[in-house]
Amino acid sequence: MIQTLEIAETRDTPYVLLDAKKNTFQISGNSMPEDAARFFDPIFDWIEEYVKTPNESTHLVCNLDYFNSSSAKMLYQLFIELENIKEIGLKVKISWHFESEDKLIEEKGLEYQSILNIPFEMIPRKN
Amino acid sequence: MDIKTTFWFFDRIKEDNLCLLYNGNFSDDITAKFIELSEYNITNINSLTKMKKKVSFLMAECFQNIVRHGEALVNKVEVAQNEGFFLTKNWQDIYYITSGNLIENKKIKNVKSQLETVNKLDKEELKVLYRQVLENQTFSEKGGAGLGLIEMARKSGQKLQYLFQDYNKKFSLFYNQILLKSDQETVEASDSELELSESISFHKKMIDESILIIYKGDFSQDSIFPVLQIIEENLQKERKDSVSKKKVFHILVELLQNISHHCLKEDNKKEGIFMIGEYDEYFVINTGNLIRNEEIDNLKKQIEFLNSLNGKELKDYYLSKLRERNLPTNKGAGIGLVDIARRLISPINYSINKIDDKKSFLSINVIA
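Respectively, the protein sequence lines represent chains G and L.
With this note's numbering applied, the first sequence corresponds to residues 1 to 127, in that order.
With this note's numbering applied, the second sequence corresponds to residues 1001 to 1368, in that order.
Just chain L, with the same shape it has in the complex (with noise of 0.2 Å):
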């Protein structure tokens, strides 16, 4: 992951209200603030309000599918418990929640042919099946699994995507997309399969550049707290030094906080986008916003100086910021950027691709 990472990604979701996107492991912890997340989108969103415990609901139902598979996976092979692929994504009115996980290839053909089932039944035919499987247990040997389905289907009253890759010789990958509309209209099959191709090709990208989460909506503290959280989880899960673990959670809270009180705020939203790469011996942060284009020379101006400093330097610059005598403003106090670049392994790097005569979009990317 570099620092053209994020504007790839930018220029593909620019039109979401919300876009996460997450590869890494799951636990009834994330799950939540997943699902926290999202309620939180929606309640902001005057159209999707009707929406908002399906969408819960879904998103749930879809979580249990990769810990259910997860759960199956770990003791035939190594693979990391309950580890996945989840987009959730507000786009106009419609709401699309995919998720993807490691199949035993051997298993592909009962859930296929499940899912073609579900999919040829009208609303009245699902309910049915619904009921059947709920008294007989018949419809699948995977505890559950079944009614999964069914009720994706009957609750989001769209067709199920799906679709399976290859992974390797005992495994495949499988992706299963559901979408909500607020109106209930059928969205054309067309779309949706155009939409999941895309989902697909940005967790490939995220494998390969090792990418673990990223996140593109709202930049204020109420919508970006469930995502600090759900990567706090993971850093204490993966790390095991409080070290990093905390300084690249701190390295995170003052970037989405300059973002916040910096970016070009269009119709009062703060927008913006971050996304974390996680490596052996570092972390690699990206951020991405909106700016005024008079305020770019001030602000290369401002990195160049503090990428100028050496690591004394940087310290008795922070502690002259922190003595001056002028207190923080709500525009946040000065010296977030100077802690970071204190913190950081290599220089800020930056990069600005400009939108038009107004505008531009400011890149920053930092490795600790």
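Chain G extracted, bound-state conformation (with noise of 0.2 Å):
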């Protein structure tokens, strides 16, 4: 089975979790990078050998407080890829949390979600 991915959270990326085993996907924080590219690279190339053989079922959490717009261009390639699964015939869902009052983040959650092809879900939580 693949190898788990768990990078820490520093002030300006944010803490990653890719857990087959358990069973486990959660990104949260702040995603800030000024160079995303090099961040979002082991997280690319471990969801690519992930979806040569997924779960049963693959449930992403999105937890973050802030990104900005090139971080927002890399999560679009993640959740494309989570697609795949999908095409597969495989159950695969993100769900989006956010703090109720955070427009700004509301807001990029539901842009995502109508133009993706997959389950998205939106998750206030009172602060």
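Fair warning: there could be bad hints in the mix.
Distance condition first, Cα-Cα at most 30 Å in a straight line; then the derived DSS-like pairs of lysine-lysine [said to hold, decoys possible]:
| hint | chain 1 | residue 1 | chain 2 | residue 2 |
| --- | --- | --- | --- | --- |
| 1 | G | Lys91 | L | Lys1321 |
| 2 | L | Lys1155 | L | Lys1014 |
| 3 | L | Lys1301 | L | Lys1014 |
| 4 | L | Lys1004 | L | Lys1054 |
| 5 | L | Lys1312 | G | Lys103 |
| 6 | L | Lys1247 | G | Lys93 |
| 7 | L | Lys1315 | G | Lys126 |
| 8 | G | Lys103 | L | Lys1321 |
| 9 | L | Lys1269 | L | Lys1050 |
| 10 | L | Lys1300 | L | Lys1312 |
| 11 | L | Lys1033 | G | Lys103 |
| 12 | L | Lys1358 | L | Lys1123 |
| 13 | L | Lys1155 | L | Lys1169 |
| 14 | G | Lys93 | L | Lys1004 |
| 15 | L | Lys1054 | L | Lys1204 |
| 16 | L | Lys1106 | L | Lys1004 |
| 17 | G | Lys93 | L | Lys1312 |
| 18 | L | Lys1321 | G | Lys52 |
| 19 | G | Lys103 | L | Lys1315 |
| 20 | L | Lys1321 | G | Lys93 |
| 21 | L | Lys1052 | L | Lys1127 |
| 22 | L | Lys1247 | G | Lys126 |
| 23 | L | Lys1315 | G | Lys86 |
| 24 | L | Lys1204 | G | Lys86 |
| 25 | L | Lys1123 | L | Lys1159 |
| 26 | L | Lys1050 | L | Lys1107 |
| 27 | G | Lys103 | L | Lys1247 |
Since the hints were derived computationally from the structure, they do not count as laboratory data.
Please read these numbers as outputs of a predicted model, since none were measured by experiment.
Two chains, two frames, a set of hints: combine them into the complex.
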């Protein structure tokens, strides 16, 4: 089985946990690196490997406080990779957590929801 | 504050490695960020590393002065708590730390006589006075302020520059400037007086134009991060609704990262300037940086194209850029400006000041 990828949170990059064994997939915190491509590289490597033999059901939890526009683009590419899982007939879902007052992160989630072809759940939380 | 403000400041501080001007509230968190920022700057300049501890110490001392006086004001008049002016700049091997805060007119006499006393003494005499005050606590009635001044004079090895300026019947603005030089050489009094009067003129312009913060220096993320945190802290305090808070933060991050990605690098430094003005209903953000002349046409086209789109068109354009298959490079994703344009209440304003045949100064001004 594919090895777990866990990346610790820094002040400008998010916490990432991609654990196929425990079936836990999570990204949370801030994502505003200057060089988003470099940060997301290992994540793409992992996902590309994972989609070859994905679990029966994949549920990615996004819990981001803030992300910059180049991270927005990387996230979209990440979600597109997940669409491949759906195409081979397995379950895939994204949960988008946001603070209920946070219009920016809510709007970003709704935009992804509108252009993606996989279940995309909006989950507001009270502060 | 309008688009011209950027070049007005840039032209006066362009020789500085770092220049940070702040006109707002002071808290321990904000104080810590200022120190972090200057420490990062010093670490990157070889000739200054020895000064690192001293600069941090003197900055903390300066902040304490602002906070101490600020607290005294709270009960007596409707003045926002701990409000003050702070400037830190590095030019060649000199570090300037300037603070400005309100002081009750009846206290001026005492503070002035302390400053005069301190400035008359040499190194040894300051040491003796320091011990005396430490033991007897007689120098100042206001806890510790006297010790602070003595320490500023001792650590900097320079005379303290100061000025009291009328504010109203009850209060004056008290400006205090400390200089640090890497080789401990004494700075000409006339030069440092000039410097102080310039700082005061900057403060006045910031008050007149409601400018919260101005930063000129390195725009790589490590340098800029403490500044972003200072601003975030301020936005949190001032604004209840997280909507505009996040929006302003987002616009700022995108604009600053744009500078970092696209500015003309001189001596491998990513340099620029930005400032934030805060008004009742909106924020104004200005940025400025050098660009190569041959890039101007393309940039103009891009901005004018964005300005020609309405809200719906901007959203559609953003989504189409988001879905483009090309991945962001280290030059960014090319959608930052599109996403900014969506959130503004007026078009992206820009102007170009030609510097020479090779480069120009680009100013951007946005209102959100």
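Status of the hints after comparison with the structure:
no.: 1; hint: G:Lys91 to L:Lys1321; verdict: holds, 28 Å
no.: 2; hint: L:Lys1155 to L:Lys1014; verdict: holds, 28 Å
no.: 3; hint: L:Lys1301 to L:Lys1014; verdict: holds, 28 Å
no.: 4; hint: L:Lys1004 to L:Lys1054; verdict: violated, 36 Å
no.: 5; hint: L:Lys1312 to G:Lys103; verdict: holds, 17 Å
no.: 6; hint: L:Lys1247 to G:Lys93; verdict: holds, 28 Å
no.: 7; hint: L:Lys1315 to G:Lys126; verdict: holds, 28 Å
no.: 8; hint: G:Lys103 to L:Lys1321; verdict: holds, 21 Å
no.: 9; hint: L:Lys1269 to L:Lys1050; verdict: holds, 22 Å
no.: 10; hint: L:Lys1300 to L:Lys1312; verdict: holds, 22 Å
no.: 11; hint: L:Lys1033 to G:Lys103; verdict: holds, 28 Å
no.: 12; hint: L:Lys1358 to L:Lys1123; verdict: violated, 50 Å
no.: 13; hint: L:Lys1155 to L:Lys1169; verdict: violated, 35 Å
no.: 14; hint: G:Lys93 to L:Lys1004; verdict: violated, 50 Å
no.: 15; hint: L:Lys1054 to L:Lys1204; verdict: holds, 28 Å
no.: 16; hint: L:Lys1106 to L:Lys1004; verdict: violated, 39 Å
no.: 17; hint: G:Lys93 to L:Lys1312; verdict: holds, 28 Å
no.: 18; hint: L:Lys1321 to G:Lys52; verdict: holds, 28 Å
no.: 19; hint: G:Lys103 to L:Lys1315; verdict: holds, 15 Å
no.: 20; hint: L:Lys1321 to G:Lys93; verdict: holds, 24 Å
no.: 21; hint: L:Lys1052 to L:Lys1127; verdict: holds, 22 Å
no.: 22; hint: L:Lys1247 to G:Lys126; verdict: holds, 19 Å
no.: 23; hint: L:Lys1315 to G:Lys86; verdict: holds, 27 Å
no.: 24; hint: L:Lys1204 to G:Lys86; verdict: violated, 61 Å
no.: 25; hint: L:Lys1123 to L:Lys1159; verdict: holds, 11 Å
no.: 26; hint: L:Lys1050 to L:Lys1107; verdict: violated, 36 Å
no.: 27; hint: G:Lys103 to L:Lys1247; verdict: holds, 9 Å
The structure fails to meet hints 4, 12, 13, 14, 16, 24, 26 from the earlier list, while all remaining hints are met.
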